[in-house]
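Novice: Could you put the whole structure together from the sequences, leaning on the hints where they help?
In our numbering, each number is its position in the sequence shown, counted from 1, plus 88.
Any given hint could turn out to be false.
With a straight-line Cα cutoff of 25 Å, these simulated DSS-like cross-link-like pairs (lysine-lysine) come out [what the hints assert, rightly or not]: (1) Lys122 <-> Lys273; (2) Lys264 <-> Lys288; (3) Lys257 <-> Lys273; (4) Lys122 <-> Lys264; (5) Lys133 <-> Lys122.
Ranges of calculated distance between the beta carbons of each label pair, as one might list FRET restraints [as the list claims (entries may be wrong)]: (6) Gly358 <-> Leu279: 19 to 25 Å; (7) Thr158 <-> Gln277: 16 to 22 Å; (8) Ser199 <-> Asp227: 38 to 44 Å; (9) Ser229 <-> Gly266: 26 to 32 Å; (10) Asp227 <-> Arg192: 32 to 38 Å; (11) Phe325 <-> Leu228: 19 to 25 Å; (12) Ser115 <-> Thr158: 46 to 52 Å; (13) Glu307 <-> Asp275: 18 to 24 Å.
Since the hints were made in silico from the structure, they are not lab data.
The model shown is predicted, which means the values in this text are computed figures rather than measured ones.
Backbone N, C-alpha and C fix where the C-beta goes; we use that ideal spot for every residue, glycine too.
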Amino acid sequence: MKPVTGMDREWTEATSDFLMYLRLERSLSENTRKAYLQDITRFLKQLKAYAPEQAALLRLSDITAKHIETFLAEVTRSGSSARTQARILSGLNAFFRFLTMEKRIASNPCSSIDTPKTGRHLPVVLSVREIEILLESFDLSIPEGHRNKAIVEVLYGCGLRVSELTELKFSQMFPKQGFIRVLGKGDKQRLVPIGSHSLKALELYYPWRNSLNIRSAHEDYVFLNHYGRPLSRNMVFLMVRHQAEKAGLKKTISPHTFRHSFATHLIENGADLRVVQEMLGHSSILTTEIYTHLDTAFWQQTVLSHHPRP
89 MKPVTGMDRE WTEATSDFLM YLRLERSLSE NTRKAYLQDI TRFLKQLKAY APEQAALLRL
149 SDITAKHIET FLAEVTRSGS SARTQARILS GLNAFFRFLT MEKRIASNPC SSIDTPKTGR
209 HLPVVLSVRE IEILLESFDL SIPEGHRNKA IVEVLYGCGL RVSELTELKF SQMFPKQGFI
269 RVLGKGDKQR LVPIGSHSLK ALELYYPWRN SLNIRSAHED YVFLNHYGRP LSRNMVFLMV
329 RHQAEKAGLK KTISPHTFRH SFATHLIENG ADLRVVQEML GHSSILTTEI YTHLDTAFWQ
389 QTVLSHHPRP
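Specialist: What follows is the structure in C-alpha cells.
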C-alpha cells in the first residue's frame, strides 16, 4: 500500500472543499462537478508521473504556470482537441482561483496562460425530414421500440439535455396542461411545453413500462430499462447512434443533436430568441445566439442551391 503523502492530503482536502463550493455557492450540477474533478485528478496524476520524487514534496502553493503548461502539452500530445484543452484549463483555473480566494495559495498559476483558440463550432443539426426518417425507422414490434421512439420524440419535442431526460419523473409532468417541469443545470427549474407527438409516443410506451418489475425507488422515473431501473446517459447515447445508422443517416449524431435541432428549427420558423433561451434553460442569451448563425447558414444554403448563378 502506497504511503499517503502530504501532497495527497492537502490535495484531497482542497478538492473536497472546491466541490462543496461548486455545489453550494455556484449551484453547479453533479455532472459538471464530476467533470471538474476528473480534470483536476488527471492533472495530479500527470504531476506524479512527470516527477514522482518531487511530487511527494510538492505543495499546492508550489504549483506554477510551468506545471500547468507541461500538463496541457501532454493533453495535446494525447490527441485532445483545442476545445477539450480549453475546458480543462478552465476547470483548473476555477480550482486555483478558488484556492486563491480562500488564501490557501498566493496567486493563481493559470492566470498567465492563454486559452487555446477553439474557433466557432457549429453543432450538427438534423433537418425536419431527417428527424422524420429516424422516427419512422423504429421497430415497434420489439418491447423497447415504443420507449426508444418516445425518447427521441421528447428530446426533439422539448429540447432536453440527455441528463434532463434520464432524470425526468412523472411528478414533473403535466400532460393535461401540456407542460413538463424540467430540472436543469444547477438545479434550475423551467417549464417547457410538450406537444401532442411526444405525448402520444409516451402513451404508447407506458404499457410496456408498467409491465416491468419496478422498485419503489424508481416508480417516479419516466424512462426505464428492462430491469425497471432508470436509463443511463450512455444507454441513450448508444441507442440514438444505433438508430441513426439503422435509418441510414449520414451524420454522426448524439442525443444532444435533437436539442440543437429543436432550437434551430424554432428559430428557422420565426421563434423569438428569448423564448428559445428560456426553453433551453440557457442562463445567457449569448449561448443561444449560436442558433442564429445556424439559421443564417440555412438561408445561405437555400439561396445558393436555388440561384441560377450561385
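Novice: All hints are to be evaluated individually against the structure, with a verdict given for each.
Specialist: How the hints compare with the structure:
no.: 1; hint: Lys122 <-> Lys273; result: holds, 13 Å
no.: 2; hint: Lys264 <-> Lys288; result: holds, 12 Å
no.: 3; hint: Lys257 <-> Lys273; result: holds, 16 Å
no.: 4; hint: Lys122 <-> Lys264; result: violated, 37 Å
no.: 5; hint: Lys133 <-> Lys122; result: holds, 16 Å
no.: 6; hint: Gly358 <-> Leu279: 19 to 25 Å; result: holds, 21 Å
no.: 7; hint: Thr158 <-> Gln277: 16 to 22 Å; result: violated, 43 Å
no.: 8; hint: Ser199 <-> Asp227: 38 to 44 Å; result: violated, 55 Å
no.: 9; hint: Ser229 <-> Gly266: 26 to 32 Å; result: holds, 30 Å
no.: 10; hint: Asp227 <-> Arg192: 32 to 38 Å; result: violated, 57 Å
no.: 11; hint: Phe325 <-> Leu228: 19 to 25 Å; result: holds, 22 Å
no.: 12; hint: Ser115 <-> Thr158: 46 to 52 Å; result: violated, 33 Å
no.: 13; hint: Glu307 <-> Asp275: 18 to 24 Å; result: holds, 22 Å
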